[in-house]
Amino acid sequence: MFDGFEEFDIPTSGATIHGRRGGSGPPVLLLHGIPETHLMWHTVAPRLAEHFTVVATDLRGWGDSGTPPSTADHEPYSMRAIARDQIEVMRHLGHDRFHLVGHDRGARCAYRLALDEPDAVTRLAVMDVVPVGDVYNRADKAFSLSYWVWSFLAAPAPVPEQFIGAAPAVLVDYMLGTWPKVKDAFPAEVRAAYVRQFSDPDTVHAICEEFRAAATLDYQQDEADRGNRKILCPLLFLWSQEGQVAKLYDDPIAIWREWADDVRGGPVPVGHFIPEEAPDETVRQLLDFLR
Numbered sequence: 005m006f007d008g009f010e011e012f013d014i015p016t017s018g019a020t021i022h023g024r025r026g027g028s029g030p031p032v033l034l035l036h037g038i039p040e041t042h043l044m045w046h047t048v049a050p051r052l053a054e055h056f057t058v059v060a061t062d063l064r065g066w067g068d069s070g071t072p073p074s075t076a077d078h079e080p081y082s083m084r085a086i087a088r089d090q091i092e093v094m095r096h097l098g099h100d101r102f103h104l105v106g107h108d109r110g111a112r113c114a115y116r117l118a119l120d121e122p123d124a125v126t127r128l129a130v131m132d133v134v135p136v137g138d139v140y141n142r143a144d145k146a147f148s149l150s151y152w153v154w155s156f157l158a159a160p161a162p163v164p165e166q167f168i169g170a171a172p173a174v175l176v177d178y179m180l181g182t183w184p185k186v187k188d189a190f191p192a193e194v195r196a197a198y199v200r201q202f203s204d205p206d207t208v209h210a211i212c213e214e215f216r217a218a219a220t221l222d223y224q225q226d227e228a229d230r231g232n233r234k235i236l237c238p239l240l241f242l243w244s245q246e247g248q249v250a251k252l253y254d255d256p257i258a259i260w261r262e263w264a265d266d267v268r269g270g271p272v273p274v275g276h277f278i279p280e281e282a283p284d285e286t287v288r289q290l291l292d293f294l295r
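In this note's numbering, the protein residues as written are 5 to 295.
Bear in mind the hints are in silico, worked out from the structure with no lab data behind them.
Accuracy of the hints is not assured; some may be wrong.
Unchecked claim - Taking lysine to aspartate or glutamate pairs in the EDC-like style, the calculated list, with each CA pair at most 16 Å apart, reads:
1) Lys-234 with Glu-121
2) Lys-185 with Glu-246
3) Lys-234 with Asp-265
4) Lys-187 with Glu-246
5) Lys-234 with Asp-123
6) Lys-234 with Asp-120
7) Lys-185 with Glu-285
8) Lys-251 with Asp-138
9) Lys-187 with Asp-177
10) Lys-251 with Asp-144
11) Lys-234 with Glu-262
12) Lys-234 with Asp-138
13) Lys-234 with Asp-266
Could you put the whole structure together from the sequences, leaning on the hints where they help?
Here it is in structure tokens:
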């Protein structure tokens with residue numbers, strides 16, 4: 005995997021971020037979702053590297069990136085703090101401006117970075133999410149049952165941490181077994197890496213803190229920006245035709261059009277894990293958008 009890429013560990017002001025870099029050309033940063041790491045891009049990244057300098061990282065608290073101590077208000081695991089890591093990594097690598105692509109949790113980091121650092125992001129692609137403010141404002145019974153992970157992981161410590169610690173593979177295997185439509189999208193070594201991170205108590209606590217921050221700081225920051233700030237760069241939104249975004253929101257792209265003036269995209273006929281279930285379509289869409 006990732007032939008021709010080099011691994012790195014870059015210290016930022018808040019954590020040490022692990023990732024890989026390869027290719028040449030305009031820079032593009034790839035950010036992963038749950039329960040994944042940067043390995044989720046193992047099929048997509050090498051093909052993008054034929055045209056771009058590709059950087060794929062583990063978010064703070066995930067994979068082999070650092071797990072700094074949290075605080076009572078969960079600020080170290082807010083998307084604003086996590087996004088700061090990513091822009092510091094890109095600047096360390098010599099990229100002041102770059103394309104940005106995120107799936108799931110990585111997409112939340114990506115749009116927060118685009119809002120907070122508009123001069124840094126040239127094009128933004130987000131996959132299978134709507135902004136966290138809209139998630140909570142539109143939440144109902146269907147949301148609470150289908151997106152149970154939001155409530156479970158955001159529950160007070162140490163409840164979810166201890167449950168996950170007792171059987172980490174149960175959580176990961178359930179996500180990878182029920183959220184995709186393409187069931188064989190995860191090679192054994194990739195699946196093992198996803199399970200392994202949920203076997204580390206510090207990583208599990210960090211992930212739970214991220215969801216606690218989503219319900220508090222991330223939501224508050226979205227609401228503060230609503231109607232006051234927009235994403236200035238072009239935005240590509242891809243969502244799962246078979247997943248929860250399509251089921252919960254009648255017109256999900258209209259939600260993003262409230263946050264950016266230049267929005268394009270559409271559904272992809274797979275489950276939640278778009279880059280892993282549909283790598284060919286993901287690459288096609290990204291090349292069309294980023295070039």
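Hint by hint, here is what the structure shows:
no.: 1; hint: Lys-234 with Glu-121; verdict: holds (11 Å)
no.: 2; hint: Lys-185 with Glu-246; verdict: holds (7 Å)
no.: 3; hint: Lys-234 with Asp-265; verdict: holds (8 Å)
no.: 4; hint: Lys-187 with Glu-246; verdict: holds (13 Å)
no.: 5; hint: Lys-234 with Asp-123; verdict: holds (13 Å)
no.: 6; hint: Lys-234 with Asp-120; verdict: holds (10 Å)
no.: 7; hint: Lys-185 with Glu-285; verdict: holds (15 Å)
no.: 8; hint: Lys-251 with Asp-138; verdict: holds (15 Å)
no.: 9; hint: Lys-187 with Asp-177; verdict: holds (11 Å)
no.: 10; hint: Lys-251 with Asp-144; verdict: holds (12 Å)
no.: 11; hint: Lys-234 with Glu-262; verdict: holds (8 Å)
no.: 12; hint: Lys-234 with Asp-138; verdict: holds (14 Å)
no.: 13; hint: Lys-234 with Asp-266; verdict: holds (10 Å)
In summary, this structure violates none of the numbered hints.
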